[in-house]
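Q: Now for the letters of each chain:
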Amino acid sequence: DTAVSQTPKYLVTQMGNDKSIKCEQNLGHDTMYWYKQDSKKFLKIMFSYNNKELIINETVPNRFSPKSPDKAHLNLHINSLELGDSAVYFCASSYRQELSYEQYFGPGTRLTVT
Amino acid sequence: AQTVTQSQPEMSVQEAETVTLSCTYDTSESDYYLFWYKQPPSRQMILVIRQEAYKQQNATENRFSVNFQKAAKSFSLKISDSQLGDAAMYFCAGGSGAGSYQLTFGKGTKLSVIP
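As you go down the protein sequences, you meet chains A and B in turn.
Per the numbering used here, the very first residue in the first sequence carries number 73; after that it's consecutive.
Per the numbering used here, the very first residue in the second sequence carries number 14; after that it's consecutive.
In case anyone wonders, no lab produced these hints; they're calculated from the structure.
Any given hint could turn out to be false.
Pairs of lysine-lysine residues, derived as PhoX-like cross-links and limited to a Cα-Cα distance of at most 25 Å, are as follows [what the hints assert, rightly or not]:
(1) K68(B) x K113(A)
(2) K112(A) x K91(A)
(3) K113(A) x K123(B)
(4) K120(B) x K116(A)
(5) K91(B) x K81(A)
(6) K116(A) x K123(B)
(7) K124(A) x K143(A)
(8) K108(A) x K120(B)
(9) K81(A) x K113(A)
(10) K113(A) x K91(A)
(11) K124(A) x K83(B)
All of these numbers come straight from a predicted model, not from anything done at the bench.
Okay, chain B solo, but in the shape it has when bound (with noise of 0.2 Å):
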């Protein structure tokens, strides 16, 4: 079983800064993939970036790149040049191959975007 943490309920950012997301996760899995997803407004899960534990070069998707720390079991999200389209709420994933490929969630941290 995997449980994933996300400590900050709320950030905010100025237009065009960077900003980090913060997740922690525990597995016992040794084969296991990690996910942001975004959820803006809209309420649609959208994938933003993935990250295979057994890659040790971190993903990175344009403006988004993570920071996995596989020891520390750490994966945080870094989002350069913010834009307004930014702003929503971010959680973090893990999901393994035991059993049931079930993703488990993390409860979310809401990003606001300042103009």
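With the rest of the complex left out, here is chain A (with noise of 0.2 Å):
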């Protein structure tokens, strides 16, 4: 069983385009997250989302947008799209109460905008 899977692992798509990336988790954690590797393999921190709260990194443009259906599931969108958002796009979840902050990541989504 997958724990946590994201659709789909490779995206194509031109600049202005209007995109989606699915995540979903079944681990019954509370809390997802989505991450951003840069060609570089840098990894930063979007958004983490944890019963309705959203917390948003400061510097992620307001054209990306996560969206969350309910607790198993955090999509997300980006609107017109930009050469700059080409990276590899990581889904994690974790479990609160836990209190050992230990995330489980997707396999990830290499999203190339041409």
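Please assemble the complex out of the two chains, which come individually in their own frames, going by the hints.
A: Here's what the structure looks like:
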């Protein structure tokens, strides 16, 4: 069973398009995250979402919006895609009550904007 | 807020030998956790080991162990009996309870294992 899954794994699209990446976790976790990994492999938090509390990294453009239909899902919507959005996007989840902050990652979605 | 620094962009080790990857961090929190994640070419982020800041004993997971020096804010990873499958990017990360439980990652160290 896959713990944290993301779809699609690869996404190629043109500048200006709007796209979504889906994330689902079956671990019963209550907190989910989106990270961006750039071409130099640097991982940076974009959002964390817990019980409808959204915490946004202030450097994330407002073209990016997370949407959580329920605790097991956190989707990432990106509007008006730009070349600089090309990266690998990772979804992760954790159980806040454990206080260990251990996060489980999905396989990543490689987004290429042409 | 936390900062995590990995000063070794690349390292190499001979198969069966031991290698140590360095990590330093800075935080104003008293309650925090530190992690090492491995990212092989498959891209999957895999948790290698975890250290609670309040524990003095260094964490160990099979061939992986850490040297946690709290006063020096140092958290190095030692890999013993290196195997070809250990070749990957290794990321040091820190998390604290203040706010969002987000992890802050270092820039990573690319480990090559020489047969």
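Q: It remains to establish, for every hint, whether it holds in the given structure.
A: Results of checking the hints against the structure:
{"no.": "1", "hint": "K68(B) x K113(A)", "verdict": "30 Å, violated"}
{"no.": "2", "hint": "K112(A) x K91(A)", "verdict": "23 Å, holds"}
{"no.": "3", "hint": "K113(A) x K123(B)", "verdict": "10 Å, holds"}
{"no.": "4", "hint": "K120(B) x K116(A)", "verdict": "10 Å, holds"}
{"no.": "5", "hint": "K91(B) x K81(A)", "verdict": "32 Å, violated"}
{"no.": "6", "hint": "K116(A) x K123(B)", "verdict": "18 Å, holds"}
{"no.": "7", "hint": "K124(A) x K143(A)", "verdict": "9 Å, holds"}
{"no.": "8", "hint": "K108(A) x K120(B)", "verdict": "13 Å, holds"}
{"no.": "9", "hint": "K81(A) x K113(A)", "verdict": "17 Å, holds"}
{"no.": "10", "hint": "K113(A) x K91(A)", "verdict": "22 Å, holds"}
{"no.": "11", "hint": "K124(A) x K83(B)", "verdict": "35 Å, violated"}
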